[in-house]
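Build out the structure end to end from the sequences listed, making use of the hints.
These protein sequences, in sequence, are chains G and D.
Heads up: the first sequence runs through residues 1 to 277, numbered per our numbering.
Heads up: the second sequence runs through residues 1 to 314, numbered per our numbering.
It is possible that part of the hints are untrue.
Stated by the list, open to error - Here are the simulated BS3-like cross-link-like pairs (lysine-lysine), alpha carbons at most 30 Å apart as the crow flies:
#1 Lys104/G <-> Lys305/D
#2 Lys60/G <-> Lys89/D
#3 Lys102/G <-> Lys27/D
#4 Lys193/G <-> Lys29/D
#5 Lys98/G <-> Lys27/D
#6 Lys305/D <-> Lys89/D
#7 Lys29/D <-> Lys102/G
#8 Lys259/D <-> Lys98/G
#9 Lys89/D <-> Lys193/G
These are calculated hints, taken from the structure and not from any lab test.
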Amino acid sequence: MKNSSNLASRIIMYLVLGFVVIISAFPIIWIIVSSFKTNSEILSGPFTLPSSFSLDGYIKAWQIAQFPIIYKNSFIIAILSTAISLVIFSLAAYVIAKYNFKGKNVLYSLFVLTLLVPSMARVQPIMRLIFALHLYDTKTALVLVYSTMGMATCLFVLRGTFMSIPTEFSEAARVEGTGFLRTFFLINLPLAKTGMATSGTLLFLGNWNEYYYAMMLTSKVSSRTVPFAITMFNGQFSFSYPGMFAALTLAMLPALVVYAIFQEQVAASLVASGIKG
Amino acid sequence: MVRAVGDLKIKLATVQNKMKPPTLTYKQKNLIWIWIFLLPTVVSFLAFYLWPIITLFYSSFTKWDGANPQVFIGFKNYITLFFNTPAFKVAMKNLALWVGLAATVHVAFSTLIALYLYRKPFGGRFVRIIYMVPNIIAPAAWGMIYYFFYQQDIGIVNTVIRWFIPDYAVPWLYQSPNAMIAVILTWIFYGVVGSLIVLGDLMAIPPELHEAARIDGASDWQITTRINLPLCRISIGTNMLLSINARIIMYELILFTTKGGPQTDTWSLPFILTGAIRNNQFGFANTVGVVMFLLGVAALLIINKVMRTSESVY
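Next up, the structure:
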């Protein structure tokens, strides 16, 4: 009796887990497989496999969606703003974690409380700021906005990382007369690699995938990012499904590669971004 | 002993003072560095958070189109939004439905997955890795994938239904209530972050608790419902909050599937916000922003109260 109910519950468990795998993997596999089909193959049925690997979709996507330009834009913007965020937030997180100064707790609480304000709610004032700086429709605008975007999560993760580094190292350095800067760059920063990798992956994925600010702050192709660009070209692809699917595949690819490499960091960073609340 | 150390310190200090006639002490020097390190973050906080938030609240009480001077009009934007904007009622009704589903089905499903993963099933690691994938894809791209899912000719949904009902042909994205169901299906089963947070809490439960329960004759079901779930109260609460906040700002998943349609049936607050900005109604747009912010805070307070997330579990 006990065994049979046990077996039933195990079967249900594997069915549910199988369902999870299918709904998570199938949409992406479907898009990737379909991107190698021809238009008529796609129209003949969604579950058929491509008869031959047709690269027409990719050629179309590369040209019509101007992937050379938008890839370059997206990479520049995502990498640059990730790097800037890591620099400025690691500096701040370090002193918050390791030093005592007046107003520290107030400042840290304010930084983390920014999480309560949805980024969309700040869009109009930020647009105005970007216009005032004459940066509308430039890559610089997006770099500026994106590099401040992950403030709360980043500070939270990096502060934790720096706090977990034993103070004895810094103390020993101080006794030997090592200055403030060297204590940071030569002793603490190299030990904060994990936290930097975690917040770095989170920031990069966020920047790579961001759509709303890209839509509000840019319009020319020369400053467009991938998520915004592929949605803009939806209409032009209306008679070419392979082109659209190829464009989607190209848009997802960098994020998938980053995930394949930094799998643990991605998991850790997503959990961290949830817990700070 | 303590005195001796104190004396030594004073001596050391005087020695140091004699060695170099410093204008700044070690501490003061550090303080300068501390603020240099904080400066970039403080500046970005002021420019991209504090000032925008102040503008957001202040301008929600003004009529402001960017060209003419800003005029203070009290609560007029709020009154217009609450009583004279039909789309607002639709968006709030949709939000209520989504929040209801988020706090129940969405959270329950991701918690169930966490409970399953906790049992270390065969292939559990694989499931965890794959379940994460939808979360790392751009919501815009995810919305577009689902857009193709719902297409009549090439889509998956209609094709699968046609295996059972041969003549089935429903334009999912263009008629109610299918459009609403279509939007909900883009997120309702995807809760990997929640699963991982709950799983973290499950892993932290001391094994002695389970052993003790088993000695007392508790079944697996009792251990799950009486011990594990109550001990995961905080992470489940966090999970709810995350899910509700995601509903308040839901935009891309709608924009690229139903485009908010048919008519305004699947609108969310960001649609009103974005539309108002495009019409240069900045005061009105920011009123919507304030409402979104306050809804998030309300969700936080309510969940804190209901799930007692600020009290310690153990």
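In rising order, the numbers of the hints this structure does not comply with: 2, 8, 9
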